[in-house]
Amino acid sequence: MNTSRTLATAARVLRQLRHDPRSIALMILVPCVMLLLLRYVFDGSPRVFDNIGASLLGIFPLITMFLVTSISTLRERTSGTLERLLAMPLGKADLILGYALAFGTLAIVQSLLATGLALWALGLDVVGSPWLLLLVALLDALLGTALGLFVSAFAASEFQAVQFMPAVIFPQLLLCGLFTARENMQPVLEKLSNVLPMSYAVDGMSEVLQHTDVTADFIRDILIVALCALAVLGLGAATLRRRTA
Amino acid sequence: MMNYGSGPAPDGAPGPAIKAEDLAVVRGPRTVLKGLHFEVPRGQITGLLGPSGCGKSTLMRAVVGTQAKVTGTLEVLGEPAGSAPLRSRIGYVTQAPSVYLDLTVRQNLDYFATILMPGRGYADLRHDYVRRAIADVDLETHRDALAGNLSGGQLSRVSLAVALLGTPELLVLDEPTVGLDPVLRRDLWQLFHDIAGRGTTILVSSHVMDEAERCHRLLLMREGEILAGGTSRPEAGGDTPEALRRRMDTETVEAAFLRLVDEATAHETSSKESSR
Numbered sequence: 001m002n003t004s005r006t007l008a009t010a011a012r013v014l015r016q017l018r019h020d021p022r023s024i025a026l027m028i029l030v031p032c033v034m035l036l037l038l039r040y041v042f043d044g045s046p047r048v049f050d051n052i053g054a055s056l057l058g059i060f061p062l063i064t065m066f067l068v069t070s071i072s073t074l075r076e077r078t079s080g081t082l083e084r085l086l087a088m089p090l091g092k093a094d095l096i097l098g099y100a101l102a103f104g105t106l107a108i109v110q111s112l113l114a115t116g117l118a119l120w121a122l123g124l125d126v127v128g129s130p131w132l133l134l135l136v137a138l139l140d141a142l143l144g145t146a147l148g149l150f151v152s153a154f155a156a157s158e159f160q161a162v163q164f165m166p167a168v169i170f171p172q173l174l175l176c177g178l179f180t181a182r183e184n185m186q187p188v189l190e191k192l193s194n195v196l197p198m199s200y201a202v203d204g205m206s207e208v209l210q211h212t213d214v215t216a217d218f219i220r221d222i223l224i225v226a227l228c229a230l231a232v233l234g235l236g237a238a239t240l241r242r243r244t245a
Numbered sequence: 001m002m003n004y005g006s007g008p009a010p011d012g013a014p015g016p017a018i019k020a021e022d023l024a025v026v027r028g029p030r031t032v033l034k035g036l037h038f039e040v041p042r043g044q045i046t047g048l049l050g051p052s053g054c055g056k057s058t059l060m061r062a063v064v065g066t067q068a069k070v071t072g073t074l075e076v077l078g079e080p081a082g083s084a085p086l087r088s089r090i091g092y093v094t095q096a097p098s099v100y101l102d103l104t105v106r107q108n109l110d111y112f113a114t115i116l117m118p119g120r121g122y123a124d125l126r127h128d129y130v131r132r133a134i135a136d137v138d139l140e141t142h143r144d145a146l147a148g149n150l151s152g153g154q155l156s157r158v159s160l161a162v163a164l165l166g167t168p169e170l171l172v173l174d175e176p177t178v179g180l181d182p183v184l185r186r187d188l189w190q191l192f193h194d195i196a197g198r199g200t201t202i203l204v205s206s207h208v209m210d211e212a213e214r215c216h217r218l219l220l221m222r223e224g225e226i227l228a229g230g231t232s233r234p235e236a237g238g239d240t241p242e243a244l245r246r247r248m249d250t251e252t253v254e255a256a257f258l259r260l261v262d263e264a265t266a267h268e269t270s271s272k273e274s275s276r
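Residue numbers (full-length UniProt numbering), protein chains in the order written: chain A, 1 to 245; chain B, 1 to 276.
Keep in mind that the hints were calculated from the coordinates and are not lab data.
Treat the hints with care, as some may be off.
[As the list claims (entries may be wrong)] Some chain B residues judged to face chain A by a derived CB distance under 10 Å, without partners named:
no., residue
1, V70
2, T71
3, G72
4, T73
5, E75
6, R87
7, Q95
8, S98
9, L101
10, T104
11, F112
12, L116
13, G119
14, V162
[Stated by the list, open to error] Label-pair ranges, simulated between beta-carbon atoms:
no., chain 1, residue 1, chain 2, residue 2, range
15, B, E79, A, V162, 54 to 60 Å
16, A, T105, B, E242, 28 to 34 Å
17, A, L174, B, P29, 57 to 63 Å
18, A, T105, B, R143, 42 to 48 Å
[Unchecked claim] Reference excerpt, derived from the structure (chain A facing chain B, CB under 7 Å, subset only):
no., residue
19, A8
20, R12
21, Q16
22, R77
23, G91
24, K92
25, T180
26, E183
27, P187
28, T239
Positions of the beta carbon are idealized from the N, C-alpha and C atoms, including for glycine.
Using the sequences plus the hints, can you model the full thing?
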């Protein structure tokens, strides 16, 4: 691992994005628009908006980063730049951390805007600290980056990569407790939801929603999300092979 | 400055730039390279020629260490192919230009230069490398153009410029002139000769036989085997274009190659019939 190679990679990824302002605008504005929409969909029941809104603050970064990472790393693989980089003295960790750093930065900007809008303009009622919301959002973004990196190894085209979104993200979305509390699900599904990382992302958000201070459950939740992200990043690293057939 | 002229290098590492013994590569059900023996001398341009699909790219990928399932011995610059210390000593250009289309020419080169030579202390050196690489491929006027907006020929020159960064000891170029116009092709070959003149070894592949005449040495391939070249031994007739033409008694390398192919085919047919 080499810090300046990692930083150079992160800067390069951000520079590539800068040439694509439309993507940046979409990434940053879409979550805000969704929250705005949600606020007025649940105009008559602000409690529901609080619950779903807080969960979505954690889910948006995960989905966005999943998409951008899977497409960008797939591009690296298909354009030959990955082969070139791995034939050069670049460590796999440099590449992965570079990506995580670049997209993490983007996730911070996205989450700052979305959280700010939800809390101060849309009246999302959160008992805990907004900084904790931001922390969960950041970890979720990292998890999304990790998952995206991992599935990009199994996609042969951008078309397939996009299809991985419903395959990997939607089941988690259904089971994470966003639509109904996890303990009300059919027992098998509840057990399944216990092993999916997004469930803990949403649980963590609910903890912040309901408690003023940092609870033990909150710490457990964010640790699980962080460890899952690291584990999947490790798996993603294993899919980067210097020698390929 | 190292001198890779005709004699041994001053560090006492004479040997060839590339040395292969019984080199084989299996891809799926196919044996792409079938136990090759060859050497590539230092400081010269060795042309790897043969029809599309004969295993040229696989051979080059084995040399730079990106090919899986390589067996036999393959030594590059005195180290086993693909070992970590070689990664900064070899420049590699893949067949398709491998640069970031959503970065400018200079941003591409800046990034790859940092990978090659990280650290703030080398900033000036990197700047120098990038400037020289851009000048070598004659893209100064397009420095700040987005790679995605360049023409095909310009794009492959950006890809070449990346490989030139940091004066590698060995340049592996996979069909660098394919699809380029005649003027550009001539200019690139001039550049290859300039680079080789500075002491760099070049292994360049092509399926256009007239480019063979521009190489110092030849390595002719067909269906995963070496038809001719790859050895400097005089008893094998040498492997310069001239020696090949003389040995096969033909006007051009292309004709020599075709004659070799015909001989090999005839040999295969006769040995098949005799084994029946």
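Going through the hints against the structure:
With a cut of 10 Å, the hint placing V70 (chain B) at the interface with chain A holds, because the nearest CB-to-CB distance is about 8 Å. Interface restraint check for T71 (chain B): the shortest CB-CB distance to chain A comes to about 13 Å, outside 10 Å, so the restraint is violated. With a least beta-carbon distance of about 15 Å to chain A, the hint placing G72 (chain B) at the interface is violated under the 10 Å criterion. Because the smallest distance between the Cβ of T73 (chain B) and any Cβ of chain A comes to about 16 Å, over 10 Å, the interface hint for this residue is violated.
This hint is violated: E75 (chain B) has a C-beta 17 Å from the nearest C-beta of chain A, more than the 10 Å allowed. Because the beta carbon of R87 (chain B) sits about 4 Å from the nearest beta carbon in chain A, less than 10 Å, this interface hint is met. With a cut of 10 Å, the hint placing Q95 (chain B) at the interface with chain A holds, because the nearest CB-to-CB distance is about 8 Å. The restraint placing S98 (chain B) at the interface with chain A holds, with a minimum CB-CB distance near 3 Å, inside the 10 Å limit.
A least Cβ separation of about 7 Å between L101 (chain B) and chain A falls short of the 10 Å threshold, and the interface hint therefore holds. Against a cut-off of 10 Å between C-beta atoms, the interface hint on T104 (chain B) holds, since the closest Cβ of chain A lies about 8 Å away. Contact between F112 (chain B) and chain A, as hinted, is supported at the beta carbon level, the nearest pair being about 7 Å apart and thus within 10 Å. At its closest, the beta carbon of L116 (chain B) sits 6 Å from a beta carbon of chain A; the interface hint therefore holds under the 10 Å criterion.
Because the closest C-beta pair between G119 (chain B) and chain A is about 5 Å apart, less than 10 Å, the hint holds. Below 10 Å, beta-carbon pairs count as interface contacts, and V162 (chain B) has one with chain A at about 7 Å; its hint therefore holds. A C-beta distance of roughly 42 Å is found between E79 (chain B) and V162 (chain A), which places it outside the suggested range of 54 to 60 Å. About 59 Å separates the C-beta atoms of T105 (chain A) and E242 (chain B), a value inconsistent with the hinted range of 28 to 34 Å.
Here the CB-CB span from L174 (chain A) to P29 (chain B) is close to 42 Å, at odds with the stated 57 to 63 Å. Checked against the hint of 42 to 48 Å, the C-beta distance between T105 (chain A) and R143 (chain B) comes to roughly 27 Å, which is inconsistent with it. The restraint placing A8 (chain A) at the interface with chain B holds, with a minimum CB-CB distance near 4 Å, inside the 7 Å limit. Interface restraint check for R12 (chain A): the shortest CB-CB distance to chain B comes to about 4 Å, inside 7 Å, so the restraint holds.
Look at Q16 (chain A): its Cβ gets to within about 5 Å of chain B, closer than 7 Å, so that hint holds up. Residue-level restraint check for R77 (chain A) is violated (minimum Cβ-Cβ distance to chain B is 11 Å; threshold 7 Å). With a cut of 7 Å, the hint placing G91 (chain A) at the interface with chain B is violated, because the nearest CB-to-CB distance is about 10 Å. For the restraint placing K92 (chain A) at the interface with chain B, the shortest Cβ-Cβ distance is roughly 12 Å, beyond the 7 Å limit, so the hint is violated.
With 7 Å as the threshold, the beta carbon of T180 (chain A) stays out of range of chain B, its nearest partner Cβ sitting at about 42 Å, so the hint is violated. Checking E183 (chain A) against chain B: minimum C-beta separation of about 47 Å lies over 7 Å; hint violated. Against a cut-off of 7 Å between C-beta atoms, the interface hint on P187 (chain A) is violated, since the closest Cβ of chain B lies about 45 Å away. With a least beta-carbon distance of about 14 Å to chain B, the hint placing T239 (chain A) at the interface is violated under the 7 Å criterion.
In this structure, the earlier hints numbered 2, 3, 4, 5, 15, 16, 17, 18, 22, 23, 24, 25, 26, 27, 28 are contradicted, and the remaining ones agree with it.
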